[in-house]
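Participant: Chain by chain, the residues run as shown.
There are 2 protein chains.
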Amino acid sequence: MNVILLSGGSGQRLWPLSNDIRSKQFIKMLTNEKGEVESMLTRVYRQITAVDGGAGITIATGKKQVSVIKNQLGDRVKVCVEPMRRDTFPAICLAAAHLRDVQGAEEDSAVVVCPVDPYVEDSYFEALQELAGLAETGGANLYLLGMEPTYPSEKYGYVIPESSQRLSRVKTFKEKPDSAAAENYIAQGALWNGGVFAFRLGFLLDRARELIGFTDYHDLYRRYGELEKISFDYAVAEREREICVLRYGGGWKDLGTWNTFSEAMNGNTLGRAVLGGNCEDTHVVNELNIPILCMGCRHMVIAASGDGILVSDKEQSSHIKPYVEQMEQQVMYAEKSWGSFTVLDVQEDSMTIKVALLPGHGLHYHSHEHRDEVWTVMSGRGRAVIDGQERRVKPGDVISMPAGCRHTIFAESELKLIEVQLGEDITVEDKRKHRL
Amino acid sequence: MNVILLSGGSGQRLWPLSNDIRSKQFIKMLTNEKGEVESMLTRVYRQITAVDGGAGITIATGKKQVSVIKNQLGDRVKVCVEPMRRDTFPAICLAAAHLRDVQGAEEDSAVVVCPVDPYVEDSYFEALQELAGLAETGGANLYLLGMEPTYPSEKYGYVIPESSQRLSRVKTFKEKPDSAAAENYIAQGALWNGGVFAFRLGFLLDRARELIGFTDYHDLYRRYGELEKISFDYAVAEREREICVLRYGGGWKDLGTWNTFSEAMNGNTLGRAVLGGNCEDTHVVNELNIPILCMGCRHMVIAASGDGILVSDKEQSSHIKPYVEQMEQQVMYAEKSWGSFTVLDVQEDSMTIKVALLPGHGLHYHSHEHRDEVWTVMSGRGRAVIDGQERRVKPGDVISMPAGCRHTIFAESELKLIEVQLGEDITVEDKRKHRL
Numbered sequence: 001m002n003v004i005l006l007s008g009g010s011g012q013r014l015w016p017l018s019n020d021i022r023s024k025q026f027i028k029m030l031t032n033e034k035g036e037v038e039s040m041l042t043r044v045y046r047q048i049t050a051v052d053g054g055a056g057i058t059i060a061t062g063k064k065q066v067s068v069i070k071n072q073l074g075d076r077v078k079v080c081v082e083p084m085r086r087d088t089f090p091a092i093c094l095a096a097a098h099l100r101d102v103q104g105a106e107e108d109s110a111v112v113v114c115p116v117d118p119y120v121e122d123s124y125f126e127a128l129q130e131l132a133g134l135a136e137t138g139g140a141n142l143y144l145l146g147m148e149p150t151y152p153s154e155k156y157g158y159v160i161p162e163s164s165q166r167l168s169r170v171k172t173f174k175e176k177p178d179s180a181a182a183e184n185y186i187a188q189g190a191l192w193n194g195g196v197f198a199f200r201l202g203f204l205l206d207r208a209r210e211l212i213g214f215t216d217y218h219d220l221y222r223r224y225g226e227l228e229k230i231s232f233d234y235a236v237a238e239r240e241r242e243i244c245v246l247r248y249g250g251g252w253k254d255l256g257t258w259n260t261f262s263e264a265m266n267g268n269t270l271g272r273a274v275l276g277g278n279c280e281d282t283h284v285v286n287e288l289n290i291p292i293l294c295m296g297c298r299h300m301v302i303a304a305s306g307d308g309i310l311v312s313d314k315e316q317s318s319h320i321k322p323y324v325e326q327m328e329q330q331v332m333y334a335e336k337s338w339g340s341f342t343v344l345d346v347q348e349d350s351m352t353i354k355v356a357l358l359p360g361h362g363l364h365y366h367s368h369e370h371r372d373e374v375w376t377v378m379s380g381r382g383r384a385v386i387d388g389q390e391r392r393v394k395p396g397d398v399i400s401m402p403a404g405c406r407h408t409i410f411a412e413s414e415l416k417l418i419e420v421q422l423g424e425d426i427t428v429e430d431k432r433k434h435r436l
Numbered sequence: 001m002n003v004i005l006l007s008g009g010s011g012q013r014l015w016p017l018s019n020d021i022r023s024k025q026f027i028k029m030l031t032n033e034k035g036e037v038e039s040m041l042t043r044v045y046r047q048i049t050a051v052d053g054g055a056g057i058t059i060a061t062g063k064k065q066v067s068v069i070k071n072q073l074g075d076r077v078k079v080c081v082e083p084m085r086r087d088t089f090p091a092i093c094l095a096a097a098h099l100r101d102v103q104g105a106e107e108d109s110a111v112v113v114c115p116v117d118p119y120v121e122d123s124y125f126e127a128l129q130e131l132a133g134l135a136e137t138g139g140a141n142l143y144l145l146g147m148e149p150t151y152p153s154e155k156y157g158y159v160i161p162e163s164s165q166r167l168s169r170v171k172t173f174k175e176k177p178d179s180a181a182a183e184n185y186i187a188q189g190a191l192w193n194g195g196v197f198a199f200r201l202g203f204l205l206d207r208a209r210e211l212i213g214f215t216d217y218h219d220l221y222r223r224y225g226e227l228e229k230i231s232f233d234y235a236v237a238e239r240e241r242e243i244c245v246l247r248y249g250g251g252w253k254d255l256g257t258w259n260t261f262s263e264a265m266n267g268n269t270l271g272r273a274v275l276g277g278n279c280e281d282t283h284v285v286n287e288l289n290i291p292i293l294c295m296g297c298r299h300m301v302i303a304a305s306g307d308g309i310l311v312s313d314k315e316q317s318s319h320i321k322p323y324v325e326q327m328e329q330q331v332m333y334a335e336k337s338w339g340s341f342t343v344l345d346v347q348e349d350s351m352t353i354k355v356a357l358l359p360g361h362g363l364h365y366h367s368h369e370h371r372d373e374v375w376t377v378m379s380g381r382g383r384a385v386i387d388g389q390e391r392r393v394k395p396g397d398v399i400s401m402p403a404g405c406r407h408t409i410f411a412e413s414e415l416k417l418i419e420v421q422l423g424e425d426i427t428v429e430d431k432r433k434h435r436l
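These protein sequence lines map, in sequence, to chains S and E. The numbers in my numbering rise by one with no breaks, and the one at position 181 of the first sequence is 181. The numbers in my numbering rise by one with no breaks, and the one at position 248 of the second sequence is 248.
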């Protein structure tokens, strides 16, 4: 099957582990069966591949997330990059066009669209596979997965099926309701709409051409900025008459707040943390390399990263957004396609950064107008190019790059270095890329 | 008056702001009238000098604290350094001998002994001055300050005076009691013994020679290791018959736990911190340069430094000691006589440190056997000596020092640098000092 994983979202609700660059699906705080820590993205990718080894996965996302996706899944992952954010309908159209025109998929083949961030069991992906099979042979135009509700949530849209059978035609869709309306829907047999759909590629492309009008992927990409922001639900699902819903009763969670996210943790702590002195129902995630000691904490979540430290009552943690919006934000840690960086120290006229390069990767060849830089190699081997001159580098090597100097470094084995930036005007904008 | 300030103590109860090197009296979290943040040490020093501009202050302390005392008070402060820790009686004897034999004080002059860490109003120092006057002319051998108790504390020893007058002879001393005994003592008019005494220098030196037997300061210093660990209370005060107590009713607090320490804070936060979402009776001290966001915290104290992060219920915070003892401790920040250092990053075979040198100060001339080091100067000017060769340094300069290389750096203006240490065996012990 073809799977389009929708990767969007902003990073405010799970601050300080999420930020502008690292949305919640990239936070490594879930533990797999081998005891390895993984993100929602790597978990979902692993789960799909386990159920269908031949699945063709395309991640539909914006420019900001490409680096971290490649960092976590490797360079071979297929990513369909929106030039700017539009809603889910344009994003799915672009990914569908990418499937046909770039990847060569057949119009008869089934496509499953699924958000990247549900926290689910493997049975969920078996249901996706069933949904893909229905799209190919079931006769309707659109199949969606309806989650059996466990409480009258106000956070989800609802689907009301015509019957209570496992597979049923859809009677109607309902927007996110208040609690009373939700109870009423559930009494009518309603299911949660989790944004999971399957269709034949040709069906979606026909709808897309009707509504947008474009020739191929490249044409659509070029004109993407002109497209209306509209959701797939609104543009397609709610207008479709040949639509069925498949009932899904397995575990399905939206880990959107610290309160729900901490429930998915394996144990109460991740990273250096000690729960002492009568702590109760308290979770700690610590990405810093200093210990956290909690004493007498009750129903709390504590999260620490290079961006900041959150100490919150679990219930209160859902109200975090306005506080994070007001906070002066400097991204202190980011995963890039070539590795990662961590800001270690910020002074008035200098900044110190730890850079870790993945084997086989390098920085862009670039220069800065307003700052000098000094690299001290801590570990690993590779080669640097400084103003066109190539040299090999090893631990202990020091490279000084005055403003204007063009420079890059490639890692042969994992390479870590300390970069000291010096200048009165240090900004991320002061970076000019060059051809090597 | 001569004042001997006793500076001892370990750093566990106010972890992570205190550590092996930085005892509680050195933590900068009190705010003076000018709005400047100061430590207990600088506060007490300032208060004594305000009451008696001519006071001769000698700080009696151990080797570990000399650097931080000089960092906070400057090089001119008089410090009497015990070669190893003994109890208060040997420490006071050594400081008394230092006063006479090194500083040339008269045996007739009054000496006040006072711990460095009470949190008090200026009236306390007026009482010390009165105590000094009594020691010179009052006729008794020993005068002590008795604090009027505010509750039946089990933390302090008690003094029972003969009368309820402001100045009275002492009837007897009582060890730290249980709560019931404390109530009984208070009913008899008992006062807290805060360890504050005044005497003529000659009186104490006579007692010291009787009990220890020594010729002068240098003799006592040499034999310090042989001395019995014994408190001044036990060795002198409780055996003295010519002893009076002066009643003191002003504010007097022992800021020994986070609970009491936070009460002395001016406001609820120090450093980058936001109290949001219905926080109540919560204090935050943040020495890190990343923000702390608290939501729905009640009766809590949150403290963060390069050594770690404490998140504690205020009541529970008094039970911190065993947890801190178990914690793997690496000092991440230390104030030294020449400035300070901060550990920024620790890797398997490297460590990155920020070094800040005070103007006019330099490091020891030293070398390391098992590690290379690289300095990148961030700000300030000065000169470095590398294997005997002197060179001037400015921001952006890089100095590489392979293992075995002798090196030092002197700051002319405040000088900050990043030091990358590289080697398989990086330890504080690997340091050899050389003559320049």
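Worth flagging that the hints you see were computed from the coordinates, not collected in a lab. Since we're looking at a predicted model, the values are computed, not measured. It cannot be assumed that every hint is accurate.
Where chains are identical, the list cannot tell them apart; a pair therefore holds if satisfied intra-copy or between any two copies.
What the hints assert, rightly or not - Within a straight-line C-alpha distance of at most 30 Å, the following computed DSS-like cross-link-like pairs (lysine-lysine) qualify:
#1 K433 / K394
#2 K431 / K354
#3 K174 / K336
#4 K253 / K336
#5 K174 / K64
#6 K171 / K63
#7 K171 / K336
#8 K354 / K336
#9 K394 / K431
#10 K171 / K394
#11 K354 / K394
#12 K64 / K336
#13 K174 / K34
#14 K174 / K70
#15 K63 / K354
#16 K171 / K321
#17 K431 / K336
#18 K229 / K63
#19 K394 / K253
#20 K431 / K34
#21 K433 / K34
Participant: Work down the list of hints and note, for each, if the structure agrees.
Facilitator: Hints, verified against the model:
{"no.": "1", "hint": "K433 / K394", "in the structure": "both (25 Å within a copy, 29 Å between copies)"}
{"no.": "2", "hint": "K431 / K354", "in the structure": "both (18 Å within a copy, 26 Å between copies)"}
{"no.": "3", "hint": "K174 / K336", "in the structure": "neither (40 Å within a copy, 67 Å between copies)"}
{"no.": "4", "hint": "K253 / K336", "in the structure": "within (28 Å within a copy, 52 Å between copies)"}
{"no.": "5", "hint": "K174 / K64", "in the structure": "neither (32 Å within a copy, 70 Å between copies)"}
{"no.": "6", "hint": "K171 / K63", "in the structure": "neither (38 Å within a copy, 82 Å between copies)"}
{"no.": "7", "hint": "K171 / K336", "in the structure": "neither (45 Å within a copy, 75 Å between copies)"}
{"no.": "8", "hint": "K354 / K336", "in the structure": "both (13 Å within a copy, 26 Å between copies)"}
{"no.": "9", "hint": "K394 / K431", "in the structure": "both (25 Å within a copy, 25 Å between copies)"}
{"no.": "10", "hint": "K171 / K394", "in the structure": "neither (66 Å within a copy, 75 Å between copies)"}
{"no.": "11", "hint": "K354 / K394", "in the structure": "both (16 Å within a copy, 23 Å between copies)"}
{"no.": "12", "hint": "K64 / K336", "in the structure": "within (10 Å within a copy, 44 Å between copies)"}
{"no.": "13", "hint": "K174 / K34", "in the structure": "neither (41 Å within a copy, 61 Å between copies)"}
{"no.": "14", "hint": "K174 / K70", "in the structure": "neither (37 Å within a copy, 71 Å between copies)"}
{"no.": "15", "hint": "K63 / K354", "in the structure": "within (24 Å within a copy, 35 Å between copies)"}
{"no.": "16", "hint": "K171 / K321", "in the structure": "neither (36 Å within a copy, 64 Å between copies)"}
{"no.": "17", "hint": "K431 / K336", "in the structure": "within (16 Å within a copy, 38 Å between copies)"}
{"no.": "18", "hint": "K229 / K63", "in the structure": "within (17 Å within a copy, 69 Å between copies)"}
{"no.": "19", "hint": "K394 / K253", "in the structure": "neither (47 Å within a copy, 56 Å between copies)"}
{"no.": "20", "hint": "K431 / K34", "in the structure": "neither (41 Å within a copy, 43 Å between copies)"}
{"no.": "21", "hint": "K433 / K34", "in the structure": "neither (41 Å within a copy, 49 Å between copies)"}
Hints 3, 5, 6, 7, 10, 13, 14, 16, 19, 20, 21, counting from the list given before, are not met by this structure.
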